Amino acid sequence: MSSSESSRRFHFIREIASGGFGSVYLTKVIHADGFSRLVAVKLLHPRWSENEEIASRMRDEARLLGWLRHKNIVDVMDLTLIDGRCAVIMEYLDAVDVKVVINHCAEIGQRLPLRPALEMCAAVASALDAAYNRPPYAGEKPLRVIHRDIKPSNIMIDDSGVVKVLDFGVARAEFDERESKTQEMAFGSLEYMPPERLFFEPESPASDV
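Mapping the sequence shown onto numbering that gives the first Met the number 0, position 100 (from 1) lands on 99, and the numbers just tick up by one.
Keep in mind that the hints were calculated from the coordinates and are not lab data. Remember, it's a predicted structure, so these values are computed and weren't measured experimentally. Ideal Cβ positions, reconstructed from N, Cα and C, are used throughout, including at glycine. Among the hints, a few may not be true.
[Stated by the list, open to error] Using C-beta positions, here's what the derived DEER-type ranges look like:
#1 L197 to E14: 43 to 49 Å
#2 P112 to S188: 23 to 29 Å
#3 V208 to A137: 24 to 30 Å
[Claimed, not checked] Only pairs whose alpha carbons sit at most 25 Å apart, straight line, appear in this in silico BS3-like list of lysine-lysine:
#4 K140 to K70
#5 K150 to K70
#6 K70 to K98
#7 K27 to K70
Model the full assembly from the supplied sequences, consistent with the hints where possible.
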């Protein structure tokens, strides 16, 4: 499948992941000058293309990730429209999510080794600390981002042990451009949801731990 803009073309190679609101594709971006690279494109499902609340959620996620520059947070390169649908262009991670790793260990009757597990937890903690405490630019206030959907399937790890946190689609943050409807939407995974969120109590960075 291919799509194009005036200055670049998107060649969708294969689907990487799919959720209720969109799919992520391994994509080759080909620019007018011939330059190309592999990226991951998160594309809103056609049935949600007219739903402004869902589109605002994706736009907020892209803006947040565009500001959150950290070695353990997935990098967002662009926010655009592809065939009239909201699309977030991200770095392609040649990695697997931690849920896959945990399931594989269970299948072979082993536990995740302690040292790699601790290193992974430290990387995720570093990402969450930066999201909450680091300002997007020097001299500005921190965004105070709370992820609100930390779970094994939202943490990626590659063969060299590099860890990346992704999917900030339900994150809460403090910035003027945030679209108000996104903050009012209640999404997340019930089995990993903190009690304060279940009971509509104030959240804090501890909610991600």
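Hint by hint, here is what the structure shows:
1. L197 to E14: 43 to 49 Å: violated (32 Å)
2. P112 to S188: 23 to 29 Å: With Cβ atoms ~25 Å apart, the hint holds.
3. V208 to A137: 24 to 30 Å: holds (28 Å)
4. K140 to K70: holds (20 Å)
5. K150 to K70: Holds: K150 and K70 sit about 19 Å apart, inside 25 Å.
6. K70 to K98: Satisfied, since the Cα-Cα distance of roughly 21 Å is no more than 25 Å.
7. K27 to K70: The hint holds at about 23 Å.
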